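S.K.: Taken in order, these protein sequences are the chains called A and B.
If you're matching positions, the first sequence starts at 24 in my numbering and goes up one per residue.
If you're matching positions, the second sequence starts at 24 in my numbering and goes up one per residue.
Simulated from the structure, these hints should not be mistaken for laboratory data.
All figures in this text were calculated on a predicted structure; none of them were measured in a lab.
Be careful, since some hints might not be right.
In this list, chains with the same sequence are indistinguishable; a pair is considered to hold if it fits within one copy or across any two.
[Said to hold, decoys possible] Using 30 Å as the maximum straight-line C-alpha spacing, the simulated DSS-like pairs for lysine-lysine come out as follows: (1) K93 to K135; (2) K135 to K31; (3) K169 to K231; (4) K200 to K40; (5) K93 to K231; (6) K31 to K200; (7) K93 to K200.
Number of protein chains: 2
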Amino acid sequence: MKHFTKEKLLSLPSRYKAHLINSCTGYKSANLIGSKSNSGISNLAIFNSVVHIGSSPPMLGFILRPLTVKRNTYANFKETGFFTVNQVNASMIKEAHHTAASYDQDISEFSKTNLTETYLNDFQAPYVQESAIKIGCSYVNEYEIKENGCLLVIGAIEHLYLPEHSIQEDGWLSLDKVDTVAINGLDAYALPQLLARFAYAETDTPTKSI
Amino acid sequence: MKHFTKEKLLSLPSRYKAHLINSCTGYKSANLIGSKSNSGISNLAIFNSVVHIGSSPPMLGFILRPLTVKRNTYANFKETGFFTVNQVNASMIKEAHHTAASYDQDISEFSKTNLTETYLNDFQAPYVQESAIKIGCSYVNEYEIKENGCLLVIGAIEHLYLPEHSIQEDGWLSLDKVDTVAINGLDAYALPQLLARFAYAETDTPTKSI
């Protein structure tokens with residue numbers, strides 16, 4: 024077993040350290056965040072930090088890197104109040120990864136990939152047509168993580184679109200039915216296969232599959 | 024395509040809504056957080072919200088539900104300053120899920136599962152011996168999400184333990200080599216298979232596998 028102390032981690036080359044620390048906490052969600060400026064320039068960027076914040080009311084969150092350089096996604100949802108969260112499916116991983124390239128703010132990532140910009144029910148922000156599961160959000164709040172300047176952004180879920188066959192009777196979504204991927208570190212994409220679903224955990228009762 | 028508006032989501036039965044909203048943002052990381060009170064009672068609880076916060080210094084974060092009921096994990100790391108993050112691997116999903124059961128604070132989840140409590144390098148908090156990748160953290164800070172009372176907890180990575188064969192030359196960890204799982208919603212566990220790793224995204228350059 025290899026052991027890194029904090030001191031050893033801090034002494035590692037920057038890219039090595041970034042790969043190691045980004046992958047040591049496990050697989051992450053893979054989502055494309057879509058937004059559009061008031062001047063009409065759309066933006067699409069991949070995020071691996073979208074987490075569940077609450078169900079009632081439905082909210083999600085994601086971590087945004089420090090605002091030391093201009094972040095188009097941030098500028099857009101601060102200006103307009105809206106953004107979309109679009110799941111990355113297996114067939115679109117190359118295109119999704121490309122949205123991480125540093126295009127100028129007047130260039131839409133939709134114009135540089137084969138992903139299709141689409142608008143649903145007059146929502147201001149663009150969705151990704153190819154994403155099986157799409158979420159329209161309004162910006163709610165942001166919390167600055169003082170330790171390194173990152174932001175936790177909170178969004179309220181205003182619209183949720185998904186294929187009928189992915190929803191099970193109890194509301195659970197079978198993500199394997201729409202080939203949703205997970206992210207390993209900064210640059211690797213993996214396709215999960217369902218192992219089991221378990222009943223609500225009860226004290227002194229063995230875990231039961233459902 | 025099925026469409027839920029915010030109003031429709033709010034009107035759903037509570038459990039249905041929880042399953043739906045917890046799974047719509049994609050796969051999440053699967054980690055067991057270990058801690059121990061000053062009086063010597065250890066605690067182990069599964070979390071699907073651990074995210075990357077920063078590499079330099081190395082930090083992670085996770086979302087803790089509102090403190091309206093006593094949270095043993097929270098009480099312990101506030102009292103001692105330490106906790107561990109232990110990846111869930113495929114062979115331990117039943118045991119890991121069981122840690123979600125509501126045991127009294129004087130009962131250790133280690134005593135109610137086949138997971139083995141272990142201590143490394145005099146670190147105060149217990150690790151899970153069966154976890155391939157283990158992280159020792161010090162508590163750094165917490166941010167209250169005012170919208171629903173959840174907390175974003177920030178930890179500094181003090182120790183990282185992992186099998187040699189999972190580390191690649193550039194620091195990236197091949198999580199499929201240690202059977203790390205991902206979580207789908209509240210109660211489903213999935214095993215990802217690597218599809219591809221891609222080179223750093225550059226403008227006007229097609230995505231390249233590495």
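S.K.: With reference to the structure, classify each hint as holding or not holding.
M.R.: Right, here's what the structure says about each hint:
In this homomeric assembly, K93 and K135 come within 30 Å of each other (Cα to Cα) only inside a single copy, at 19 Å, whereas the closest approach across copies is 50 Å. With identical chains, the CA atoms of K135 and K31 are never at most 30 Å apart, being 40 Å at best within one copy and 36 Å at best between copies. Proximity of K169 and K231 under a CA criterion of 30 Å is satisfied in neither setting, with 42 Å inside one chain copy and 36 Å between copies. Taking CA atoms no more than 30 Å apart as the test, K200 paired with K40 passes between copies only; the shortest distance there is 20 Å, against 35 Å inside one copy.
For the identical chains of this complex, K93 and K231 are inter-copy neighbours only, at 26 Å across copies versus 49 Å inside a copy, given an alpha-carbon limit of 30 Å. Proximity of K31 to K200 under the C-alpha cut-off of 30 Å is restricted to the inter-copy arrangement: shortest distance 24 Å between copies versus 42 Å within a copy. For the identical chains of this complex, K93 and K200 are neighbours neither inside a copy (37 Å) nor across copies (37 Å), given an alpha-carbon limit of 30 Å.
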